[in-house]
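Participant: Here are the chains, one letter per residue:
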Amino acid sequence: MIEIVETGPFNTVQDLGRPGYRDIGVSAGGAMDPFAVRIGNILVGNDEDAAAIEVQTFPFKLLFDVHTVFAVTGADGQLVLDGRELLAWCTHVAEAGQVLELKQPPTLARAYIAIGGGLDVPVLMGSRSTALRGGFGGNAGRPLINGDRIEIGSTLDELPLPANGIAVVAPAVALGDVFPAPIDGALPVRAIAAGEQELFVSDGDAFWSQIWHISSRSDRTGYRLSGEPIKPTKTIEMRSHGVVPGVIQVPPQGEPIIQMSDANTAGGYPKIAGVIECDLWRLGQARVGSRLRFVRSTHAEARAVEQAVARYVEDVQRTSQMVKRALRAMA
Amino acid sequence: MIATLNNLSPQREIVAAAKGRARVSFIGARSFLLETSGDFDLASQRWIWALSQTVKGWADIAEVIPGMTNLLAICKETPEDPEIVVSRLLEAWNNAQSLDLAGKTIEIPVHYGGPYATDLPALCEFSGLSDRDVVRIHYEATYRVFALGSAPGFGYLHGLDPRICMPRKAVPSLRMEKGCVTIGGMQTGVAMLTGPNGWNSIGYAQLQMFDPASSIPALMAPGDTVRFVPARIEL
Numbered sequence: 001m002i003e004i005v006e007t008g009p010f011n012t013v014q015d016l017g018r019p020g021y022r023d024i025g026v027s028a029g030g031a032m033d034p035f036a037v038r039i040g041n042i043l044v045g046n047d048e049d050a051a052a053i054e055v056q057t058f059p060f061k062l063l064f065d066v067h068t069v070f071a072v073t074g075a076d077g078q079l080v081l082d083g084r085e086l087l088a089w090c091t092h093v094a095e096a097g098q099v100l101e102l103k104q105p106p107t108l109a110r111a112y113i114a115i116g117g118g119l120d121v122p123v124l125m126g127s128r129s130t131a132l133r134g135g136f137g138g139n140a141g142r143p144l145i146n147g148d149r150i151e152i153g154s155t156l157d158e159l160p161l162p163a164n165g166i167a168v169v170a171p172a173v174a175l176g177d178v179f180p181a182p183i184d185g186a187l188p189v190r191a192i193a194a195g196e197q198e199l200f201v202s203d204g205d206a207f208w209s210q211i212w213h214i215s216s217r218s219d220r221t222g223y224r225l226s227g228e229p230i231k232p233t234k235t236i237e238m239r240s241h242g243v244v245p246g247v248i249q250v251p252p253q254g255e256p257i258i259q260m261s262d263a264n265t266a267g268g269y270p271k272i273a274g275v276i277e278c279d280l281w282r283l284g285q286a287r288v289g290s291r292l293r294f295v296r297s298t299h300a301e302a303r304a305v306e307q308a309v310a311r312y313v314e315d316v317q318r319t320s321q322m323v324k325r326a327l328r329a330m331a
Numbered sequence: 001m002i003a004t005l006n007n008l009s010p011q012r013e014i015v016a017a018a019k020g021r022a023r024v025s026f027i028g029a030r031s032f033l034l035e036t037s038g039d040f041d042l043a044s045q046r047w048i049w050a051l052s053q054t055v056k057g058w059a060d061i062a063e064v065i066p067g068m069t070n071l072l073a074i075c076k077e078t079p080e081d082p083e084i085v086v087s088r089l090l091e092a093w094n095n096a097q098s099l100d101l102a103g104k105t106i107e108i109p110v111h112y113g114g115p116y117a118t119d120l121p122a123l124c125e126f127s128g129l130s131d132r133d134v135v136r137i138h139y140e141a142t143y144r145v146f147a148l149g150s151a152p153g154f155g156y157l158h159g160l161d162p163r164i165c166m167p168r169k170a171v172p173s174l175r176m177e178k179g180c181v182t183i184g185g186m187q188t189g190v191a192m193l194t195g196p197n198g199w200n201s202i203g204y205a206q207l208q209m210f211d212p213a214s215s216i217p218a219l220m221a222p223g224d225t226v227r228f229v230p231a232r233i234e235l
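Chains as they are written, first to last, in UniProt numbering: chain P, 1 to 331; chain D, 1 to 235.
For the record, the hints were derived by calculation from the structure and aren't laboratory data.
No experiment lies behind these values; they were computed from the predicted model shown.
One or more of the hints may lead you astray.
PhoX-like mimics (lysine-lysine), calculated; alpha carbons at most 20 Å apart, straight line [as the list claims (entries may be wrong)]:
(1) LYS61(P) / LYS103(P)
(2) LYS234(P) / LYS169(D)
(3) LYS56(D) / LYS76(D)
(4) LYS169(D) / LYS231(P)
Ranges between beta-carbon positions, derived for each pair [what the hints assert, rightly or not]:
(5) PRO172(D) / VAL201(P): 39 to 49 Å
(6) LEU99(D) / SER215(P): 38 to 48 Å
(7) ASP211(D) / ALA329(P): 43 to 53 Å
(8) ASP315(P) / PRO115(D): 36 to 46 Å
(9) ALA122(D) / LYS234(P): 21 to 31 Å
(10) ILE137(D) / ALA300(P): 43 to 53 Å
(11) GLN307(P) / VAL171(D): 35 to 45 Å
Going by beta-carbon spacing under 8 Å, a handful of chain P positions derived as facing chain D [claimed, not checked]:
(12) GLY25
(13) GLN78
(14) ASP82
(15) GLY83
(16) GLY242
(17) GLU306
We treat Cβ as the ideally placed atom computed from N, Cα and C, and that holds for glycine.
Use the sequences and the hints to build the structure in full.
Facilitator: What follows is the structure, encoded as structure tokens:
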């Protein structure tokens with residue numbers, strides 16, 4: 001059991017989402033940085049898709065009721081256990097009565113707390129994620145509030161951990177050549193031109209060349225971008241069609257919206273481009289007010305990045321198991 | 001609201017002879033949107049229903065989301081050659097046979113007008129019709145659920161009389177109540193969530209159409225027939 005001692009308004013229980021129900025209008029949801037959830041879960045010995053806490057409003061404090069293994073991933077540091085500063089991307093052990101505090105990370109947007117055994121909230125439609133728009137899943141279908149108590153699942157195969165924990169090199173660093181760092185403070189986001197790009201023929205270059213700001217009217221459903229508006233050459237009324245996270249729609253005012261984890265499942269606004277799936281976690285870690293630039297990408301590039309991510313995850317999986325097995329053998 | 005099986009009244013609309021062309025575009029690297037250029041009608045949608053069944057059977061496809069005379073296919077991983085997926089989808093479209101999904105009939109009692117009908121005056125102005133006529137034209141029609149989407153359990157309904165079609169708003173309402181009966185372009189539906197909504201509200205329906213704990217979470221399914229029954233008209 002854990003108890004939420006202090007939380008901001010938008011922190012939720014999330015796993016890797018609820019895909020498969022878009023055809024009845026249910027967003028896949030899930031963590032904005034699923035990469036961080038996968039790595040956090042592997043480190044603490046869970047299945048990759050166990051439920052974790054997504055913290056996007058800081059500070060956040062929780063109390064452990066029992067001896068617990070945990071890891072904080074996603075964020076670049078700023079976690080404290082009973083006054084002691086700890087490494088992110090590393091396993092730690094908490095004893096009953098200890099309090100974990102996450103402070104605002106210096107540059108990133110979201111931190112994930114993975115707990116050995118995972119958060120044991122009910123599975124609804126195949127997932128433990130909080131569906132905020134539908135008001136179900138996760139912890140009673142709503143964000144966490146102070147005083148919430150959440151059960152922890154049991155660990156089937158608890159492997160011993162070294163005293164100093166097992167740490168990984170954060171994906172942004174380990175895969176630095178695959179995920180280029182911001183250039184002049186603008187995050188490069190790879191995208192492929194989408195259905196109605198030709199409507200923006202006069203403004204198409206303005207979309208790809210300008211630096212956009214993530215507006216404060218952004219959330220898990222979508223990021224609204226502010227910048228020089230891009231206007232279509234004509235207004236069209238489209239038939240509603242399925243959409244997915246990453247789609248960049250342009251409403252009539254000309255300021256693009258990128259659909260994120262809690263994306264609408266259908267839309268009718270013209271689409272200028274779609275962010276490649278393997279870059280979405282970077283957007284999930286981009287903060288309100290930060291800058292980004294779209295970079296034209298291809299299926300081949302997306303595939304190469306997907307494969308690099310898969311290799312990294314596999315490597316973390318294999319190495320952490322090896323270390324734990326070696327420790328068990330020595331014990 | 002009453003849901004009954006619709007076995008006694010099979011739909012027998014005439015199927016158009018020509019299928020219309022389709023085009024496929026990308027959303028990101030894994031999703032492919034097939035849109036038909038044909039009419040927005042039941043015949044086109046029956047081909048989409050058939051295409052949906054076919055594409056669901058492909059091993060490399062994770063999800064299929066039928067829309068309004070269109071279909072989104074999501075691949076499990078980014079395909080090596082996207083053009084192959086495009087050609088397979090187009091070929092499947094060309095080969096698709098008409099498929100009728102004769103579902104149940106759902107009657108939805110509506111309170112037309114009143115405090116929730118925030119866009120009825122604008123619709124009257126846009127259509128040049130009286131509020132009484134707009135409401136009557138809306139409830140006299142019979143609608144088919146073409147697809148679900150946008151919100152849990154939300155059904156896109158076909159069958160709106162062109163006289164009361166009205167474009168979606170340029171600036172969506174920030175907070176439209178769940179239950180509002182709305183018109184967006186050539187489509188009509190019932191808002192499933194309270195929140196931002198670009199459609200135009202003409203009334204209100206009290207209903208529970210989605211339950212995540214149920215084995216069939218959404219009440220509506222593609223192919224169902226929907227009738228709006230005026231429970232109250234307040235103009």
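Participant: Hints the structure violates: just list their numbers, smallest first.
Facilitator: Failing hints, ascending: 5, 8, 13, 14, 15.
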